[in-house]
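Model the placement of chains Z and D on the given structure of chain B, informed by the hints.
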Amino acid sequence: MSKIHTILEVKDLRVAYAGSGERVQAVNGLSFGVQEGECLGLVGETGAGKTTVALSVMGLLPERTSRIESGEIIFEGRDLLQCKKKEMQAIRGEKISMIFQDPMTSLNPVLTIGEQILEGLELHNEEKKSREELIARVHEMLELVGIPAARYHEYPHQFSGGMKQRVVIAMALACSPKLLIADEPTTALDVTIQAQVLDMMSQLRERLGMTMILITHDLGIVAEKCDTVATVYAGEIIEFGTVEDIFSGEAHHPYTKGLFDALPSLVSTERRLKSIEGLMPDPTDLPAGCKFHPRCPRCKPICREREPEPVQISQSHMIKCFLYAQGEEEMGSR
Amino acid sequence: MKRDRQQGLKQGKFSAVWRRMKKNRTAMAGLVILIIIILMAIFADLIGDYNEVATKMDIANRLMAPMKKGLFGTDHYGRDVLARIAHGARVSLIIGFGAVLVSLVFGGAIGATAGFYGGRYDNIVMRCMDIIMAIPSTILALAVVAALGGGIFNLMIAIAVADIPNYARVVRSSVLTIRNADYIEAANAVGAGTAHVLARHIIPNVLGPIIVQCTLGIGSSILNAAGLSYIGLGVQAPRPEWGNMLSEAREFIQSAPHLIIIPGIFLALTVLALNLLGDGLRDALDPRLKD
Amino acid sequence: MNEILLETRQLKKYFQTPRGLLHAVDDVNLQFRRGKTLGVVGESGCGKSTLGRTILKLLEPTSGEILYKGTDIAGYGRRDTKRMRQHMQMIFQDPYASLDPRMTVREIISEPIYINKTMTDRREIEKKVGQLMETVGLAARLSNAYPHELDGGRRQRIGIAKALALEPEFIVCDEPVSALDVSIQAQILNLMLDLQEELGLTYMFVTHDLSVVKMISDEIAVMYLGKCVERAPSQELFSHPYHPYTKALLSAIPVPDLSCRGKKREVLKGEVVSPIDPAPGCRFALRCRHCTERCTQGPVELLEVAPGHMAACCRWSEL
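Chains as they are written, first to last, in this note's numbering: chain B, 8 to 341; chain Z, 31 to 321; chain D, 1391 to 1709.
Simulated from the structure, these hints should not be mistaken for lab results.
Accuracy of the hints is not assured; some may be wrong.
Covered stretches of chain B (chain D as the covering partner; in silico rule of three or more C-beta atoms under 8 angstroms from a C-beta of chain D) [unchecked claim]:
(1) 170-184
(2) 192-202
(3) 221-230
(4) 277-283
Glycine is no exception: its CB is placed at the ideal position from the N, C-alpha and C atoms.
Bound conformation, chain B alone:
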């Protein structure tokens, strides 16, 4: 195995949004690392804080309403949270790119798709390449995502949803970023189109040797595309491991297990689903102790009082749950 190099490391990130008098605790001490060349899946339901994490890495959190309360985001040895605005602008798009969920709204309707891809290249044109060279690069990018270069001069409305998402991907990849964050890239697309786009993305990732963070709520996509998986609940990572750990391992966080059980299966003939009772906790008023305890079928008294520490089940597999804690002393010594 080649040397493993951690490209991005998020340490104890806490982000809060301050609304009208209310404080929404979106991310609560979340830590994870991404190795170079791998694909990390961030899984969780609406409001779990997945997108907030992505925006924090990109430095795109809304300035007026959000506040990063603590934490570090180390990318290539630098803490992105300490970077100045100018420095972040240079990193954004060039080293780290992001694809947003809705291809319909992430393209500017009055610019041709070629111009939009070109824009990013021009902004990060350190080598002072000529315009012709950059346009050639745009053509190359279009072909790469499976769009004929001849469509350079067409406008977004002339493309279908799947094609638009390809354009968005071409934009994100134009500067050959080291890290790509894809926030639900195929949620707005039909299944057959989703299959096309996902296949294309993993081919590109292999070819360009890119690292990717894939944010999704679809466990099927995770199983097919990711190397490591982090389950996010109420702004925390409650389980982290390789896909094998998560999909075939024995030990699981009760929430991860609940997520799997709630999925209608194509294989089983069961007509009732096991749903997770209750609702996502209100982020303005998170429960004490383990954030999942009010919905947890295996809740113990200690879960209501204390927040569980991460437990290392194996080298690669972490679960944040008292079920797997060996005992009080051991937990204290960790």
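Just chains Z and D, lined up with the frame of chain B:
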């Protein structure tokens, strides 16, 4: 017990709106100012009799500064400005509210039907509105006053006519967005008729923009009336009205600036109060912006 | 329990568009058995939602018959349609958009009762609303809440309670869970199954999510560009799909199971076009890799390829 609860529910909506209003300080300030001005208009005769004070000339005491004679001084005929402001408030407020009511009723009906039914009817009606809009409102009002003759009521109509297209457009565009909302289809799916859909779903949801348009409209109607009075087509002397008070005072702008300033302040205060109140009302009526 | 509650025969719904005649629903024949669920699946633009709305007469059918207990309701006027609506209701896709933001939960649920005057006594209606809320699992204290104060799952429960208010027999469910999170989706699906058992409801379940449709349906119809291309009992369709489109659709679903990882799947080329003035022949021909000349010529009819299993592919026996 049960009855109590039901009654509580009936009042619930209005009291909830009022509760939310009360929390909005600027809206309450607007409400207070407006009430004071309305009380002034109602009790104008107590402030100064119409014939004895507000319109009676007293050349000896002309152009007195505020506080020297009466609270706001006197004008070029020696008439008490405070009394004239109070009596003028009657006319101005009636014209303001009246004109808005007229244009809201007609413009709202036109806009709502155009937006709801769409198609050719929408096209024809809205083009007519465009034609009206293309005529400068003062000239249109002039034409109407010329055709109908003077008087407060005709002045009101004249101002309202020019305003109808504004209401029609606001209402139409809101109806258009709401007409395609899923909950309209949901209402159709349970068998709701046109009247029910309009009354229960569309009107409550277009109320917000309409209220804003109305509160802005009252202010601009008063200003329009003042404008018409200024060129001599509105309320005729010696009847006081804020607009003609301003127009009469223009000759004395240097010697007696209070004659311009005081009606101007009242006009500005009224418009401001209405806008504050309107914004507050819009927010209070929307259950989504809770407390 | 094989009684047919509702049936469509040669049902067509065309829309006039600037670019031509859009065949949104074209000659669709479906049978809805009492107390059962017919799932209708397909990608966006296949006409599945239009079909549901046409059956409920929210859209006027272009031609064809809609037989409800044997009577054709396709040609019904306003008054008769309104009467029919009491028996046929709809649950909408987006619980955020399908509830009037200015009405409280109580008002929303009681609205159908007031409109149709199925009850007149206020107190009785209140009681009914309370029962409905209990049935769908909404706490009574929420009756004065506004939709925006509730989460997606609770809102969809309101939508279901509203649909049940008139005690219908047939409910069109238009993607009722696609806007919800997995854990909430499971709650709502379970609720819908419970209600079906308790009240003997007949569902038409419109969705793009194949795993959901498999779980909830007894029978499934697959639609592509306005046509029904395959129809079979749920299990049968998933174990023996005949139509190439159904096969592609099934293979495109990402499966949350590592054993399927890396398995080569059939990725369909091209995109769904809209069925404006469609060419004769199979509408899937353009994207189908088994397409022959025969496919693009004559019309392709639904044929019984196995007992109770219909498919519209002229090469079904070879593939």
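Count the residues of the segment 192-202 of chain B with a beta-carbon closer than 8 angstroms to any beta-carbon of chain D: does the count reach three?
holds (count 6)
8 angstroms C-beta criterion, at least three residues: is the segment 221-230 of chain B covered by chain D:
With 7 residues closer than 8 angstroms to chain D, the segment 221-230 of chain B meets the three-residue bar; holds.
For the segment 277-283 of chain B, do at least 3 residues have a Cβ located nearer than 8 angstroms to some Cβ of chain D?
holds (count 7)
Check, residue by residue, whether the segment 170-184 of chain B contains three or more positions whose beta-carbon lies closer than 8 angstroms to a beta-carbon of chain D, and give the verdict.
That given contact is violated, which follows from only 1 residues of the segment 170-184 of chain B lying within Cβ reach (below 8 angstroms) of chain D.
Checked against the numbered hints listed earlier, the structure breaks hint 1 alone; every other hint is satisfied.
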